[in-house]
Amino acid sequence: MLMEIAPELLERKKVEEKKLPPLPNAEKGKVVTRLPPEPSGYMHIGHGMSGLLNYLYAKMYDGFVWLRFEDTDPRKVKPEYYESFRRGYRWLGIEWDDEKNNSDDLELFYKYAEKLIKLGKAYVCRCPIERIRRFRREMKECEHRSQGVDENLDLWNRMLGGEFGEGEAILRLKGDMRSKNTVMRDPALFRIIDHPHPLTGKRYKVWPLYDFAVSIEDHVCGVTHVLRTSEFALRDELQNYIRELLGMSNPIYVEYSRFEFKGTPVSKRKLRALIETGIASRWDDPRFPTIDGIRRRGILPEAIKEFTITQTGFSYAKREYDWSLLFAINRRLLDPKARRLFFTPNPVKLLVEGSPKISVDVPYHPDNRELGSRKIEADGEFYISGGDFEEMKVGDVLRLKYLMNLKILEKKREHVRAEFLSREPMKNIKIIQWVPVDEAVRVRVMVPDILYINDEVNPNSLKIINGFGERAVEDVKVDEIVQFERFGFCRRDLEPEPLFIKAHD
RNA sequence: GCUCCGGUAGUAUAGUCCGGUCAAGUAUGCGGGCCUCUCGAGCCCGUGACCCGGGUUCAAAUCCCGGCCGGAGCACCA
Numbered sequence: 061m062l063m064e065i066a067p068e069l070l071e072r073k074k075v076e077e078k079k080l081p082p083l084p085n086a087e088k089g090k091v092v093t094r095l096p097p098e099p100s101g102y103m104h105i106g107h108g109m110s111g112l113l114n115y116l117y118a119k120m121y122d123g124f125v126w127l128r129f130e131d132t133d134p135r136k137v138k139p140e141y142y143e144s145f146r147r148g149y150r151w152l153g154i155e156w157d158d159e160k161n162n163s164d165d166l167e168l169f170y171k172y173a174e175k176l177i178k179l180g181k182a183y184v185c186r187c188p189i190e191r192i193r194r195f196r197r198e199m200k201e202c203e204h205r206s207q208g209v210d211e212n213l214d215l216w217n218r219m220l221g222g223e224f225g226e227g228e229a230i231l232r233l234k235g236d237m238r239s240k241n242t243v244m245r246d247p248a249l250f251r252i253i254d255h256p257h258p259l260t261g262k263r264y265k266v267w268p269l270y271d272f273a274v275s276i277e278d279h280v281c282g283v284t285h286v287l288r289t290s291e292f293a294l295r296d297e298l299q300n301y302i303r304e305l306l307g308m309s310n311p312i313y314v315e316y317s318r319f320e321f322k323g324t325p326v327s328k329r330k331l332r333a334l335i336e337t338g339i340a341s342r343w344d345d346p347r348f349p350t351i352d353g354i355r356r357r358g359i360l361p362e363a364i365k366e367f368t369i370t371q372t373g374f375s376y377a378k379r380e381y382d383w384s385l386l387f388a389i390n391r392r393l394l395d396p397k398a399r400r401l402f403f404t405p406n407p408v409k410l411l412v413e414g415s416p417k418i419s420v421d422v423p424y425h426p427d428n429r430e431l432g433s434r435k436i437e438a439d440g441e442f443y444i445s446g447g448d449f450e451e452m453k454v455g456d457v458l459r460l461k462y463l464m465n466l467k468i469l470e471k472k473r474e475h476v477r478a479e480f481l482s483r484e485p486m487k488n489i490k491i492i493q494w495v496p497v498d499e500a501v502r503v504r505v506m507v508p509d510i511l512y513i514n515d516e517v518n519p520n521s522l523k524i525i526n527g528f529g530e531r532a533v534e535d536v537k538v539d540e541i542v543q544f545e546r547f548g549f550c551r552r553d554l555e556p557e558p559l560f561i562k563a564h565d
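Each residue of the first sequence is one higher than the last, beginning at 61 in this note's numbering.
Incorrect hints may have been included.
What the hints assert, rightly or not - Below, a list of computed lysine-lysine pairs in the DSSO-like style, where the Cα atoms sit at most 27 Å apart:
#1 K160 <-> K138
#2 K490 <-> K397
#3 K365 <-> K417
#4 K160 <-> K435
#5 K435 <-> K417
#6 K119 <-> K88
#7 K328 <-> K417
#8 K435 <-> K467
#9 K365 <-> K435
#10 K523 <-> K409
#11 K397 <-> K378
#12 K487 <-> K471
#13 K365 <-> K88
#14 K322 <-> K365
#15 K79 <-> K397
#16 K160 <-> K90
#17 K365 <-> K409
Stated by the list, open to error - Have a look at the derived ranges for each label pair, beta carbon to beta carbon:
#18 S327 <-> L431: 25 to 33 Å
#19 K322 <-> P258: 18 to 26 Å
#20 K523 <-> P256: 39 to 47 Å
#21 E167 <-> P258: 13 to 21 Å
#22 R197 <-> G89: 19 to 27 Å
#23 D157 <-> G227: 19 to 27 Å
#24 G227 <-> K79: 25 to 33 Å
#25 E167 <-> N518: 45 to 53 Å
#26 R473 <-> P416: 23 to 31 Å
#27 L411 <-> I335: 40 to 48 Å
#28 K523 <-> L168: 35 to 43 Å
#29 R329 <-> P485: 49 to 57 Å
#30 K79 <-> R473: 40 to 48 Å
#31 V454 <-> K523: 26 to 34 Å
To be clear, the hints were calculated from the coordinates, so they are not data collected in a lab. Just so it is clear, the structure is predicted and the values come from calculations on it, not from any experiment. We treat Cβ as the ideally placed atom computed from N, Cα and C, and that holds for glycine.
Based on the sequences and whatever the hints tell you, model everything.
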């Protein structure tokens, strides 16, 4: 239809459809990226968007994606978090080609460590930690740095043999103690951790640090493009240097500042504090930026994907997205497929005098006929929303949608009295939603808002609204997202009694 | 404090590398209108920005210098 009237409109839409900018030095079929979560907390939307970027680019170039858990700190890593990321990525529609853990490769890391030692590029340092830090600050080298290869090899083997306790020895890279980039000042490559790892148990006590593990793994995985947030930017030099010493080639880095949303902290520390102070009770709280939280709120994975593609750029500047940007996309996606239902928040009773008994067939969607319809029986006693009650005046003429026109006779909190006028729609009168008293279903709706306003905790970040829904509300399935007309899009949450969570208007 | 890196409308971005076509595009928000038996969707119109100050140049959002503001890093975390 539109095609005939105004084909140029469609054309324009197509052209404007934003795509990801091309990746530098990317060849079709040869791009390899990775999803590198640290399983030390629940996955959040920032991880998701970053993961999407890595996945989407690999897909765009018919490439390959790794899911690789960066789990080299046994004390931080927990099994449930590995699963949180797998579930989150899957939910977002990210399909990874292969999966591994950095903790699978300890032997390999040891091998490369030995190579570095033999190259004279790594040494075992036995300085106390404070001294290491001080020397680093003062750009001074310690005496261990000049040990011979054999002595380092011996010390290293004794480290592996369990001869030293935590903090008694580390393997350090011979970098440049005078470098302006502090990460180059002889960084630690391995340290001793006497704590079981969820995957390898007590087998290993010498664990690589991030930069070493990543350098090796990115090479082993054949990663060509690293898309990551900018807090890692200073590590490029180090990781590249390690690989160069080992004769490995380097990937291309694309870095960008974190994805943050207004009034919504993403840090584990802050989120945990909200739980501990009782402001939130669970990690999947719909106000939280965790993947479980936004899923529960009713944000579609497709919306996050489209948002990532259209609203994102590779900027180093700090940015804080307004939730409305995501909501707008979500709403557009939901609109054609969400069933429309009647819900009356803060209800007030309405008695219509002279109302005939009416049975109406109400479509679930104004345009999408496939969604079907339901029958509602009405006999003159209804609930209407408190908001509509506040606004009405005696003498007003208004319409109960799909049902009848009426005139307000009396307005009291206990009930409103009205007079039946007619059934056919009248022009220019207010249309309101209604629920027959006979079939009213008690409904609770959680309405999430931003957690912080100007760095202060928002006292109204979660409201609970009570009201009545029509009978069909009972049949809404868990996870289904419906639109309560003139209220907003809401997802049915897992609770016996109808509990909904409002996503947005 | 030190070292890097940024600053385009309320928000997020395009443009900045290779100065002119940018009196700055898009999305969202906001205001108004049309349409609609939803204050949703759709359509139309409007609103609103190149951090500040110098310099280079015929010409600067784009290059240079200074200032201000913001972010990141400065771990035996990732």
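These are the hints, each one checked on the structure:
1. K160 <-> K138: holds (16 Å)
2. K490 <-> K397: Holds, at roughly 26 Å.
3. K365 <-> K417: violated (48 Å)
4. K160 <-> K435: Violated, at roughly 54 Å.
5. K435 <-> K417: holds (13 Å)
6. K119 <-> K88: Holds. K119 to K88 sits at ~10 Å (cutoff 27 Å).
7. K328 <-> K417: The given pair, whose Cα atoms are some 57 Å apart, is violated under the 27 Å limit.
8. K435 <-> K467: Between K435 and K467 the Cα gap is close to 24 Å, so the pair holds against 27 Å.
9. K365 <-> K435: The given pair, whose Cα atoms are some 37 Å apart, is violated under the 27 Å limit.
10. K523 <-> K409: Judged against 27 Å, a Cα distance of about 23 Å means the pair holds.
11. K397 <-> K378: Violated - the C-alpha atoms of K378 and K397 are around 36 Å apart, more than 27 Å.
12. K487 <-> K471: Cα-Cα ~23 Å, so holds.
13. K365 <-> K88: Within the cut-off at roughly 22 Å; holds.
14. K322 <-> K365: holds (19 Å)
15. K79 <-> K397: Roughly 25 Å between the alpha carbons, so the hint for K79 and K397 holds.
16. K160 <-> K90: The given pair, whose Cα atoms are some 20 Å apart, holds under the 27 Å limit.
17. K365 <-> K409: violated (43 Å)
18. S327 <-> L431: 25 to 33 Å: violated (41 Å)
19. K322 <-> P258: 18 to 26 Å: The hint (18 to 26 Å, Cβ to Cβ) is violated, given that K322 and P258 are roughly 35 Å apart.
20. K523 <-> P256: 39 to 47 Å: Since K523 and P256 have Cβ atoms about 44 Å apart, the given range 39 to 47 Å holds.
21. E167 <-> P258: 13 to 21 Å: holds (18 Å)
22. R197 <-> G89: 19 to 27 Å: violated (47 Å)
23. D157 <-> G227: 19 to 27 Å: violated (40 Å)
24. G227 <-> K79: 25 to 33 Å: Given about 51 Å between the Cβ atoms, the range is violated.
25. E167 <-> N518: 45 to 53 Å: Distance hint for E167, N518 holds at roughly 50 Å.
26. R473 <-> P416: 23 to 31 Å: Holds: the Cβ-Cβ distance is about 27 Å, inside 23 to 31 Å.
27. L411 <-> I335: 40 to 48 Å: holds (46 Å)
28. K523 <-> L168: 35 to 43 Å: Once the Cβ atoms are compared, 53 Å apart, the range 35 to 43 Å for L168 and K523 is violated.
29. R329 <-> P485: 49 to 57 Å: With Cβ atoms ~56 Å apart, the hint holds.
30. K79 <-> R473: 40 to 48 Å: Violated: the Cβ-Cβ distance is about 56 Å, outside 40 to 48 Å.
31. V454 <-> K523: 26 to 34 Å: Given a distance of about 30 Å, which is inside 26 to 34 Å, the answer is holds.
Violated hints, in rising order: 3, 4, 7, 9, 11, 17, 18, 19, 22, 23, 24, 28, 30; the structure is consistent with all others.
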